[in-house]
Amino acid sequence: MTQGGHHVLEVDGVTKTFPGVVANRAVSFDLAEGEVHCLLGENGAGKTTLMNIVYGLYRPDEGTIRVRGREVEFSSSADAIAHGIGMVHQHFQLVPTLTVLENVVLGAERVRRGVLELGPARRTLDELMDRYGLPVDPDALVGDLSVGVRQRVELLKALYRDADVLILDEPTAVLTPGEVDEFLGTVRELVDLGKSVVFITHKLREVAQVADRITVLRGGEVVGRTTPAETSEAELAALMVGREVSFAVERTEAHPGEIALEVVDLVVDDDRGHRAVDGCSFAVRAGEIFGIAGVEGNGQRELVEAIAGMRPVVAGEVRVAGRSVVGLDPRRIADLGVGHIPEDRTRHGLIGPFSVADNLVLNRYHEAPYARGLVRDRSAVRRHAEELVETFDIRTPGVDVPVAQLSGGNQQKVVVARELSRPLAVLLVAQPTRGLDVGSIEFIHRRLVEMRDRGTAVLLVSAELDEVLGLADTVGVLYRGRIVASMAAEEADRHRIGLLMATGSEAA
Amino acid sequence: MNGLPAALRRGLAPVVVPVLAVLTALAVAAVAVVVAGSSPIVAYGALFEGAFGTPARIATTIGRATPFIGTALAMAFAYKAGLFNIGAEGQILAGALLAAWVGTWSFLQDWSAWLLLPIVLGAGIVGGFVWGIVPGILKAKTGAHEVITTIMLNFVMTLLAVWLVNSLDPIILRDTAVSVARTRPLPDAARLPELVAGTKLHWGIFLMLGLVAATAWVLDRTPFGFEVRAVGTNADAATYAGMSVARITILVMAISGAMAGLAGAGHVSGADGHLSPGVFVNVGFDAIAIALLARANPYGIVPAALLWGALLSGAPLMQQRAGMSTDLVRIIEAAILVFIAGDVMIRRLFRLPEREEAPV
Amino acid sequence: MIAAVAPRRLRLDRQRVVGGFFVVGGFLLVFAVAPALTTESKRFLFGIGPDAPSWTFVPSTATLWIGGALVLLGAAAVGWRGRIVQAGLVVAGVLSVLMILVAALALSSNRSTNLAPLFVQSLRLGSPIALGALAGLWSERSGVVNIGIEGMMLAGAGIGFVAYALMNGGAGGVPLYLAVLVAVVAGGLFAALHAFLSITLRTDQIVSGVAVNLLAIGLTSFLRSQILVPLNADSATTLPELSIPILSDLPVVGGVFTAKPIFFFTFFAFAVAAFVLVRTRWGLRVRAVGENPHAAETLGIDVIRVRYGAVILGGCIAGLAGAQFSLETVGSFDDLMTNGTGFIALAALIFGKWRPGPVLAGAMFFGFARALGVRIQLLGVEIAGFPLPSQFLQAVPYVVTIVVLAGAIGRAVPPAAIGKPYRRSR
Ligand SMILES: Nc1ncnc2c1ncn2[C@@H]1O[C@H](COP(=O)(O)OP(=O)(O)O)[C@@H](O)[C@H]1O
Ligand SMILES: [Mg+2]
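Chains as they are written, first to last, in this note's numbering: chain A, 616 to 1123; chain B, 758 to 1117; chain C, 237 to 662.
The set of hints was computed from the structure by calculation and includes no laboratory data.
Certain hints may be false.
[To be verified] Heads up, simulated DSS-like pairs for lysine-lysine below, C-alpha to C-alpha not over 25 Å straight-line: (1) 589(C) x 656(C); (2) 589(C) x 898(B); (3) 656(C) x 898(B).
The shape of chain A in the complex, shown without the other chains (with noise of 0.2 Å):
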């Protein structure tokens, strides 16, 4: 399988665990000179981990790792650095408070007796910028760019530092498509200049366009090598996955009633103070399940939380029932019977270290029967935790326990439990499933439809493509914090949905 050129990086049976998991087991894989090498897998597969070996920031418990075909130790990335290995990673190193300039030399800084020499440093900036056609401005700072320039800062870091092995952690992840598709192009002009890159991704349209060879990565495995021209994409998401991979729920048809959920010219602020949801409109009808598509960054968050009234709305209407609950608080809003499974259910959705049965009644502790006045009922919170672990098949050694001490799977059934063990009018759910077991997938899809079935409007929003197209009645897509098309599932082809995520809008 492997083509010509020598290989510039060799990876040999490398086994690396963190407390109770391994992140990689007896991983080997190498890279050619100058080829793009796609490291495939889903999120937890150990893509990130098998790099930061690579790059001197973990070292592996057992395996070796060769640099043009010497064997290396690394103790830090300084030495990863010193072999000519740079990386770009999936959440960007940078310090926001300083310039460019100074970001880039950061740790390869010129001095002379200490005093920085930024003038010939700038000098080579602006060679590389201009060779790769990367331009930045050197004087600016971090903090004030775009996500996708600073993508650009994070690759002139490596070539600062003339790194000839790119190591590029989902590059992809935070760009819209027409940036996707400028960058896919400037890794092939990378190649050509004579660098050899690590690409990875679990994103199967890319692979096809960048990859020379692909190596998939499972549960901290190697589970194939292949290249693109030997394969194809529903053959690589099962190799991803596991097992075909099917996100179509048994369901069915819906019976639409009312609209419960109503959201008019809604405007949201990002943590940052920047727009993120810009006058978007849709309606959710109880008993349909209304599903947002939309590259992620795009305002789901943002959306979701506002309308949860966790984040200030700055302008538009958001109707429960007919009744606005803008300016309302979380509880009084949830007091409408809106329930909400988050998105990040260990920041937000639960308390790591209170017992299971404090987590399922973490938003109704202080009402009859958990609590009777001034005095929580803990009887009554266990009886009602025993009763919800039988019923949502929560594995848990007992409800005392820490909820922390439980497997991302269950931990979301407790989410999911709580949330949908009372009556709701309107049921928010970002991400529901996201690095989950297939059976607990599969669980939850079958309660959100079965949620529906009795009335509920559920609002559903989801990185995954196929989970929205699979689950709603109703999609729309969101696109730059707007709701720029919404059609009934039918309509709903991946092509034309792709096409509204890309643009915007459906003419090419």
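Please arrange chains B and C with the ligands on chain A, whose structure you already have, making use of the hints.
Positioned in the frame of chain A, the structure of chains B and C with the ligands alone reads:
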């Protein structure tokens, strides 16, 4: 350790590290004793005898511990909500000051103790409450970090107290009958009765023990306590669950301040009968050390504060017998905090299992 | 710690708030204060001798003018924006300080007062605050909160003086400078403890700072009663005064240039710090590590080493600030001698938003508040028939810091990684 049954070990775990930390601190301070040319056995023997040698000494020890219980509890309660209240010094002073002032209002002078005591103690609560709610509001409304604002408010209150008590022109709270700067004496009806005559051990200890039990109960058994712990453990999840982080923050800081304020009023009413502005210097630091030694557990605060009381009340005898400055106990206290804060050192030293991430 | 409290909704425009503050204050001056002040003329002197410059004014008239100016400048800040308006706000600030001086003199029975010593005294009192703040600056810019400055200063003051007493130096000279060196090392050692606890053991940085403070208080008072008291070591010998030729003969400001070495060093240290922070490799790394340690780590920077270096350097500076008390100014050591200066330094650090220039200015402003407190007592300033309590002026730094932290005048945003224990990847 390995011989003990697992359940017992788990039950003992929160106690083992603090006890070892105290012992290690004593060992470290023993080095200072030897270097200073004395015998640790004599010194510590005298320290122990000075603290517990006679019933009167024991009473003094408990009396010295009394205000520490309130201030450390204030610190621990805020800590449960994820707040670092370094302001106990200012808050205890605010409470003491208001109590000392209200207690000397002339129209109250011949009221009965049943009315006067609650008024004086209530004044202490109000004083501490006000000095605690300010950093709470600042934190909740503007994000100003409570550590810095409480430090600054400590100094403001100290200066205010110095002015109110010391000022001779005009005379505000100063007792002109004595040469030292202190407030006018409280009437007998405003005094918490002494338990053991001449030892400054007074009924305030029961007040503080009651406060400990009440705090433990609130944290453990009430919806409010649940909210406090939720906010302290994961503020984002608390928000999601419909709790108002801002409201809890303000309330907790205010209650925390009120606890310290009550301790201050208790001290004025019970131990001294008047307020001298310097009595609570560095009490806030001590409160932090005690609360951490107790792992922020309300009940744990009682023995931890007693240790502080014992060190302070035993020190004079140690000085007399071993020629060691009473300041040695300050070194011991500091070393205890160092080993509690860096408990990893203790665990390595005594080969105990490492703690999981979540502290306290 | 709780971060989820959103200040967003309450965001009043800073410039407008400050402007409005000046407008209101100006009106108060014009309509309430000016009529109450005396019309008898008073005089500020700037130095001694008949040819020293001076300014004669009538307090009520001067107040009218200042009040009017404040109203105009404040109104401009409410209505417009831009550099000129901002400069106007600075002018308004200076005028406010001037107004305090005018009012102080007007409310006293004196006819004139000499401002030159007040100026010199402000810098003198500001100097230890500034050094302490610089100590905090290094530590906090690298991402380590330092509320142990006070303890490090106290350790420098106490241990430095003990060293001097033990050297039997008596008459100053070389032992005195050696003792200063010991003070610096002592500060550094206490900082090393803070670094060890908070960086290596990842203890909460606040707790670690408290431990440093408690230990310094205990150790120095123990050393004092165990060593200094028996030796009866109150030498009263201090570092010698130096005069910078020519500059020390200047009118008005000349007094500043006759002073002691650590005082001079303060300004030098700030100049160096400003340069090192911005223009050197190490400074760049300190800033990076304080903002995003993981980014620095991915570039092969040893975060832990940089932080140790910054914290210990800060401790050395704090130790020097301590020496300023015991070895430069007084010539003895007392328990709790630094008397909270380390915390005012922390206030100056926040007031100056962790940047060398503004931090120095803040420290000097707080020094001015202290000097003014003394001056006002000397002048016998009376309000409503009673002397103005000096404690009110002493409280200024603390109140100002709270106001600054609360965001009313230019929100103070600390280095992003501050207070968070850093864990190296493995
Ligand atoms: N520093 C860490 N500590 C503990 N577990 C980790 C750490 N980094 C990654 N993991 C775990 O290792 C597994 C692989 O993670 P990762 O390499 O990030 O996957 P990927 O990049 O493919 O999404 C996951 O289960 C993750 O939770
Ligand atoms: Mg990854």
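Would the hint linking residue 656(C) and residue 898(B) be met if the CA-CA limit is 25 Å? At roughly 23 Å apart (the allowed maximum being 25 Å), residue 898(B) and residue 656(C) satisfy the hint.
Please work out if residue 589(C) and residue 656(C) have their alpha carbons no farther apart than 25 Å. Holds, because 19 Å separates the two Cα atoms, which is no more than 25 Å.
Check the hint pairing residue 589(C) with residue 898(B) against an upper bound of 25 Å on the C-alpha distance. Roughly 20 Å separates the two Cα atoms, so the pair holds.
When each numbered hint is compared with the structure, no violation occurs for any of them.
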